[in-house]
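Please build the complete structure, drawing on both the sequences and the hints.
So that you can map any letter, position 148 of the sequence shown is 148 in UniProt numbering, and since no number is skipped, the others follow by simple counting.
Hints are computed from structural coordinates only; laboratory data are not their basis.
Don't be surprised by glycine CBs; every beta carbon is placed ideally from N, CA and C.
Just to be clear, a hint being listed does not mean it is correct.
Per label pair, the in silico range of CB-to-CB distance [claimed, not checked]:
(1) Val149 / Arg28: 20 to 28 Å
(2) Gly153 / Leu187: 16 to 24 Å
(3) Asp25 / Val199: 18 to 26 Å
(4) Arg146 / Val50: 20 to 28 Å
(5) Val149 / Ala64: 16 to 24 Å
(6) Glu197 / Ala62: 24 to 32 Å
(7) Ala135 / Asp25: 35 to 43 Å
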Amino acid sequence: MGAPGIIGGMATDHVVLRPDDEGVDAYRLLTALVVPRPIAWVSTISADGVGNLAPYSFFTVASADPPVVQVTSVGEKDTLRNARATGELTISLASEPLIDAVNATSAGVDPDVDEADRVGLAMAPSRVVTPPRVAGSPASLECRLRTTVPVGGATLLLADVVAFTIDPAVLDGDHPRFDLLAPLARLGGTEWGLPGEVVTRDRPS
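See below:
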């Protein structure tokens, strides 16, 4: 590990690690420090019609107008290949009651294996796109692939949201409630984040 250093002219007791230092694992550090991370539970269908379901914790909103989400595939995975082949994907919200199923679908299996079938997870038809949604998930985003962007050994998938599917039970009027959605988050290593306390603050004018 790097020794304490100087930041802004002041001594600091923080350890300084550089990505190219020997023994430094940038992936493990990033996933432990960029937390909590929402989970995109991505459903796709291969060109041969085989379903695929996998969780991705490199996931965020890229644009609100138009609505575009971003998922990062670290390496060339089935989800990336399927999305490129068909142009469609569905993202189901990974909620607390489904934690074991979410984790189970992260296992590395052959491309001809449907993860939802493998773990006994019920799927439901999407309304606009072909890949199904997780039936027990409280919400999903139906998407069409906009573009992919290579970044080193990873690939960003930018996808247009063409439909929101939301269980009325998690809505307060037209607003999805965090406590009812009960979204999971990924942390570092084998750690997962469960829904916690919600606080509110008005934005400064």
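The hints, checked one at a time:
no.: 1; hint: Val149 / Arg28: 20 to 28 Å; in the structure: 24 Å, holds
no.: 2; hint: Gly153 / Leu187: 16 to 24 Å; in the structure: 22 Å, holds
no.: 3; hint: Asp25 / Val199: 18 to 26 Å; in the structure: 33 Å, violated
no.: 4; hint: Arg146 / Val50: 20 to 28 Å; in the structure: 24 Å, holds
no.: 5; hint: Val149 / Ala64: 16 to 24 Å; in the structure: 19 Å, holds
no.: 6; hint: Glu197 / Ala62: 24 to 32 Å; in the structure: 28 Å, holds
no.: 7; hint: Ala135 / Asp25: 35 to 43 Å; in the structure: 37 Å, holds
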